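The chain contents come next:
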Amino acid sequence: MKSLLSKSLIALTLLTGILFFFLPIYASTIFALESRDGGYTLDPIRRAFENEEITQSLLLSLRISGFAVLLTLVVLVPAVYWVHVVTPSLRKSLEFACLLPLVIPPIVQGVGFLYSMPSFVKSTPYSLVFAYAVLALPFTYRALDAAFASIDIKTLVEASQTLGSGLWRLIFRIIIPNIKTGLFASIFLILALVLGEFAYASLLLWDTFPTVLAVAGMSDASVAVALSILSLVGVWLILNAISTLNRSHRGQLTMGVR
Amino acid sequence: MMQRTGRYLGLMPIGVLLIVFLGLPIIAILRFSLQDAKGGFTLTNFRTAMTGVYLDGILLSINLSLLSALISVVVGLLFAFGVARSRIKLLKNLVSTAAGVFANTGGVPLAFMFIASLGTYGMLTVWLRQVGIDVYGGDWTLYSFSGLLIVYLYFQVPLMILVSLPMIEGIKVEWREASQTLGSSSGYFLRRVIVPVLAPQVLATYLLLFTNSFAAYATAAALTSGSIALVPVQIASLIASNVQVDGANIAMALGVCMVAIVAIAMSIYISLERKVAKWRS
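Keeping their order, the protein sequence lines are chains A and B. Counting from 1, one number per residue, gives the positions in the first sequence under our numbering. Counting from 1001, one number per residue, gives the positions in the second sequence under our numbering.
Honestly, the hints are just simulated from the structure, not real lab data. What you are looking at is a predicted structure, and each value in this text was computed from that prediction instead of being measured.
Subject to a maximum C-alpha distance of 27 Å in a straight line, what follows is the list of computed DSSO-like cross-link-like pairs (lysine-lysine):
1. A:Lys-92 - A:Lys-154
2. B:Lys-1278 - A:Lys-92
3. B:Lys-1172 - B:Lys-1275
4. B:Lys-1089 - B:Lys-1172
5. B:Lys-1089 - A:Lys-7
6. A:Lys-180 - A:Lys-92
7. B:Lys-1172 - B:Lys-1092
8. B:Lys-1278 - B:Lys-1172
9. A:Lys-154 - A:Lys-180
10. B:Lys-1092 - A:Lys-7
11. B:Lys-1275 - A:Lys-92
12. B:Lys-1038 - A:Lys-122
13. B:Lys-1172 - A:Lys-7
Negatives, chain B to chain A, calculated, CB over 12 Å:
14. Phe-1145
15. Lys-1172
16. Val-1173
17. Arg-1176
18. Gln-1180
19. Thr-1181
20. Tyr-1188
21. Val-1195
22. Gln-1244
Quick reminder that beta carbons are idealized off the backbone N, C-alpha and C, glycines included.
Using the sequences and the accompanying hints, generate a full structural model.
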């Protein structure tokens, strides 16, 4: 009797959960795709991709995330390698420094950026590359640190050096293949962050995907809602890719796009 | 000397990135928050930030975050208990994947999804009206404090589930068996084992959820277009409009207040997490 009660309670909770999380997705999909005559149409999606402003903003966001990935690879990977191989005593300090962006809300970081950067930096949307690499640091650091921690990198490096491999061989044949999951997780994390980040872009008045989407909401509701659902699904797929890559680190992942 | 610089060589690029793109902005905020419009030293900005509409904004942000964190902790914990106790492994995996995904949802798309569902002309609003429930019959709107609260729960509750699943799985079956063997009731076990074990972790997660909602900007901005004056919304509008000469300075002071609040919450969070980690090992 008791187990039946607790079972039905669990079922009820699950049902409420499913309703709360899936009903808005369903309802907004209908909202976006219902045509005037009561049927359904994919016209809003076509209109979205024919809209020059929207496609341009999407391309800009993708380019920014590409550069942010490059910057992170060049700057963070050596640093994490360094604290794992050369100076393990500095690992805690690096962790602290990389988690700092979590303490400063993005809107505050954005205001500080606006009032501290010289105008030649602020005059291009690609200055966001630096801002986003910093904003993603807490998450990219964790992904890369976990990847380095899961292998005995020091022994690998020593072995390859004993066998006479040079620096490039060490980087491309030893280090990169061994931290692949961490690298992919970082790339996806940055992509998801850049496609959703709003505070910086709106303060600096750049037309990235989220800011253009926000404006589109005022002119064409079904296009905006259709794009919102597409971008949510896109981000969900990206996040799923990350959690399949990094099973153990699923619980730590939260992003600064809210 | 050479040796000293060599020790930090690999950390220099990231050091430069952090100093230029995080350090300089923080210094700018501190500096401008202590200046008047002409550049002279003053504490007026903080006095302004702590009175009137700005104080209301800070309190509103704190209220929203406390409340959304509290609801999420209770609901998320119940949900996680239900799932963790079920024997179906697939269910557990599905729930934790879904929670991981929804916990990271937010911003403009989330706001638009809710406007299309529960807004004045939203689909759910229409459907509910067809069955005789008019959500807009009273004073309620989606673009209000409670509307924003509902939207925030969409990412707050999953975050709680995500964090509490491993927490609950950490409660060993052996503990229950041991306490039963020693003759304790399940109520006693709950009070004397589960609650003391989970309490510090739940409190830590509560603070995490608080910060998560306190720092959020995009969702509120897109949903209410500035009509709910949370601190981040006020900061953004002070910067965007040039109505007040010292508007930017007040915005910086508000920013410093935000950072202080987040820093307090985070440092308690970290010390609690440390305690839990030490206790576990």
